[in-house]
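Protein sequence lines correspond, in order, to chains A and B. All residue numbers for the first sequence refer to this note's numbering, where the first residue is 1 and numbers rise by one. All residue numbers for the second sequence refer to this note's numbering, where the first residue is 1 and numbers rise by one.
These aren't lab readings, by the way, just hints derived from the structure by calculation. Treat the hints with caution; some may be incorrect.
[What the hints assert, rightly or not] Pair ranges (Cβ atoms, derived):
#1 B:G11 <-> A:W159: 53 to 59 Å
#2 A:P160 <-> B:G11: 22 to 28 Å
#3 A:D164 <-> B:I16: 44 to 50 Å
[To be verified] Pulled from the structure, derived: some chain B residues nowhere near chain A, Cβ distances all over 12 Å:
#4 G11
#5 A15
#6 D57
#7 T65
#8 V67
#9 E68
#10 D73
[Unchecked claim] Mimicking SDA-like on lysine to any residue, the simulated pairs with C-alpha atoms at most 20 Å apart in a straight line are:
#11 A:K130 <-> B:Y33
#12 A:K368 <-> B:E51
#13 A:K368 <-> B:E48
#14 A:K368 <-> B:Y33
#15 A:K107 <-> A:D84
#16 A:K130 <-> B:A20
#17 A:K130 <-> B:M22
#18 B:K21 <-> A:D84
#19 A:K130 <-> B:E29
#20 B:K21 <-> A:D80
#21 A:K130 <-> B:E48
#22 A:K411 <-> A:R387
#23 B:K21 <-> A:P89
#24 A:K368 <-> B:M22
#25 B:K21 <-> A:T372
#26 A:K188 <-> A:Q140
#27 A:K130 <-> B:A32
#28 A:K130 <-> B:G26
#29 B:K21 <-> A:Q140
Just so you know, even glycine gets a beta-carbon here, dropped at the ideal spot from N, CA and C.
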Amino acid sequence: MGGRPGDQESVGRGVTQGAELFRRWFAELDQAAERGEGAAYVFVMGSLGELLRCFDFPIVFPEINSLQTAVRRVAHEYLDEAEDYGYSPDVCAYVKADVGLQLRGGKHPMGRLPRPALAVLTNACNTYIKWAEIWERLYQTPVVTIDVPGTRYAGGQTWPGDPDFERDRAYVAQQIRELIPICERLSKRKFDIDRLRESMTLANEMGQSFRHVLELNRNRPAPFNAVTDGTIYLGVANGLRGTVDAREYFADLVEELADRAAEGLGTVHEEKFRLAFLGVPCYPLFRRFNEMFSAWGGVFVTSTYLAFASGGAGLGWEYNLADPIEGLAEGLLINVRHAMDNMFFADRAVELLADDYALDGVVYHAVKSCRTVSTGLADARRALSTRRDLPGLLLESDMMDRRVVSEAQMKNRIDAFFEGLRSRSAARV
Amino acid sequence: MADGGRRSDRGAQAAILTAAKMCEPGLDEQVAYSRALDEAGVPYFVSEFEERMSSFDHLQIQLETFVENILFD
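Next up, chain A with everything else stripped away, as it sits in the complex (with noise of 0.2 Å):
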């Protein structure tokens, strides 16, 4: 993708910007499904997008697919259509709008999508292998499941150096050496580790400038809301990943947002509950979800979803550059494995960030559709709670499907938490 979107004014920069380099994208994808072209289809955790960009595949993110025909309302379509082949309710709501989608040809609200040409997994979600078989169903798609080594246990990663992760590392890397034939085949383009190297070191510049944003979200008031402008950046840090467009993107963010720091503008007009958002968001009523916090003074300035669904961005760690596919995957392992472990010991990454952001309170955020993200929450929220002298909500509803999602419920229980956070403040003056 050529050059950078026109020259704006600093505050809201982020969104506009991030908007319309999706518009491009997504521009750029149903070109290639007009030219009858296929694209690498890949998920955020793990999407190995540096390597595959040297092959110069069109690169399709499903979960992202998915997720807009929610925000855009048009998800029960795509359900539906999918429920009528065979797909149970109790299903992954962004498989059967995958499924609904492909259904169509490719049909989406932002333009066609091209054909699953080959397919990368990794092992981060039980559910993109049983989705990944679908288009091998479809399609014959050639499917690569990269099986990454997770945590043993809560606290035990290992780092480079160790012996242990020294042989996670060496069966990472073997696996990355036997995709890349079939890039080669697939593509009929040669790989060239110069490209590679390359991808990579926008990566880890891109990286430099994400973990900057997360950081600058420690200020009072936050510049920047973690679930509606996060879900943002999230997008432009996993689908361009690896791309100029991408780095300038956050170089820019960076400078937002540490403008809007200085100046001390938040995101709303009086920031008074700092939160931590754990889980998937409410994509149905994504706007209408936040402005039940936002009006109380309620801001989302963290949350894992940045850490588990960034491709590893937001980790103070970068790739070596010196050897490229031992490089990648190092990132590959610890990215992965650092998504798991956001997913799987959610209550200890909140508490790593309870301090540094100040927070108030924190709201699990489970969905019906997502098991692996939402089965640990009431666990995480208890454990939590024996450690730590921090409020938490739990709520229920789902990231895609409005049938799931009463927003009436929702919100007489954010106002009663609200009213505790309060009570609570009030007793401490």
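Take the given structure of chain A and dock chain B to it, following the hints.
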């Protein structure tokens, strides 16, 4: 598909597809199985069950209807 081969090897005239509602991989595969059985023209019965299911009357009626359909088809 593996189950299709097994069905024809053993001469099965019908199939029962059932998955626990909490088991997403099982629910996903129901679709693949039912599509393959559709293509093969084999009658099948699809059901989902809860982990703590205690009432089976409805399931019994559905199964009896399925069996009668096969018997009298």
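Hints versus structure:
Between G11 (chain B) and W159 (chain A) the Cβ separation comes to about 57 Å, which falls inside the hinted range of 53 to 59 Å. The beta-carbon spacing between P160 (chain A) and G11 (chain B), approximately 58 Å, falls outside the hinted interval of 22 to 28 Å. The hinted range of 44 to 50 Å is satisfied by D164 (chain A) and I16 (chain B), whose Cβ atoms lie roughly 45 Å apart. The beta carbon of G11 (chain B) is kept farther than 12 Å from every beta carbon of chain A, the shortest such distance being approximately 25 Å.
The Cβ of A15 (chain B) lies farther than 12 Å from every Cβ of chain A, with a closest approach of about 14 Å, so its non-interface assignment holds. No Cβ of chain A comes within 12 Å of the Cβ of D57 (chain B); the nearest lies about 22 Å off, and the non-interface call holds. Taking the minimum C-beta to C-beta distance to chain A, about 19 Å, the non-interface status of T65 (chain B) holds against the 12 Å cut. Every CB of chain A is more than 12 Å from the CB of V67 (chain B) (nearest about 22 Å), matching its label as outside the interface.
With a minimum CB-CB distance of about 23 Å to chain A, E68 (chain B) clears the 12 Å threshold, and the non-interface call stands. Against the 12 Å criterion, D73 (chain B) stays outside the reach of chain A, whose nearest CB is about 22 Å from its own CB. A C-alpha spacing of about 13 Å is found between K130 (chain A) and Y33 (chain B), which places the hinted pair at or below 20 Å, so the restraint holds. Among the hinted pairs, K368 (chain A) with E51 (chain B) is consistent with the structure: their alpha-carbon atoms are about 16 Å apart, no more than 20 Å.
Distance hint between K368 (chain A) and E48 (chain B) is fulfilled; the C-alpha atoms sit about 17 Å from each other, no more than 20 Å. Taken as a hint, the K368 (chain A) and Y33 (chain B) pair is broken in the structure, with Cα atoms around 24 Å apart against an allowance of 20 Å. Distance hint between K107 (chain A) and D84 (chain A) is fulfilled; the C-alpha atoms sit about 18 Å from each other, no more than 20 Å. Distance hint between K130 (chain A) and A20 (chain B) is fulfilled; the C-alpha atoms sit about 16 Å from each other, no more than 20 Å.
For the proposed pair K130 (chain A) and M22 (chain B), the alpha carbon gap of about 15 Å is at most 20 Å, so the pair holds. Distance check on the hinted pair: K21 (chain B) and D84 (chain A) sit about 18 Å apart at the alpha-carbon level, within 20 Å; holds. For the hint pairing K130 (chain A) with E29 (chain B), the CA-to-CA distance comes to about 8 Å; that is within 20 Å, so the pair holds. Straight-line distance between C-alpha atoms of K21 (chain B) and D80 (chain A) comes to about 18 Å, which keeps the hinted pair within the 20 Å bound.
Distance restraint check for K130 (chain A) and E48 (chain B): the Cα-Cα separation of roughly 18 Å lies within the 20 Å cut-off, and the hinted pair is therefore satisfied. For the given pair, K411 (chain A) sits about 28 Å from R387 (chain A) by alpha-carbon distance, which is inconsistent with the 20 Å threshold. Of the supplied pair hints, the one linking K21 (chain B) and P89 (chain A) holds, its CA atoms being roughly 9 Å apart against a limit of 20 Å. Proximity of K368 (chain A) to M22 (chain B) is assessed by CA-CA distance (about 11 Å); at most 20 Å being required, the pair is judged to hold.
Straight-line distance between C-alpha atoms of K21 (chain B) and T372 (chain A) comes to about 15 Å, which keeps the hinted pair within the 20 Å bound. Restraint check for K188 (chain A) and Q140 (chain A): satisfied, since their Cα atoms lie roughly 18 Å apart, inside the 20 Å limit. For a cut-off of 20 Å, the pair hint linking K130 (chain A) to A32 (chain B) stands: about 11 Å separates their Cα positions. With a CA separation close to 10 Å, the supplied pair K130 (chain A) and G26 (chain B) stays within the 20 Å bound.
Distance check on the hinted pair: K21 (chain B) and Q140 (chain A) sit about 28 Å apart at the alpha-carbon level, beyond 20 Å; violated.
When the structure is compared with the earlier hints, violations turn up for hints 2, 14, 22, 29 and for no others.
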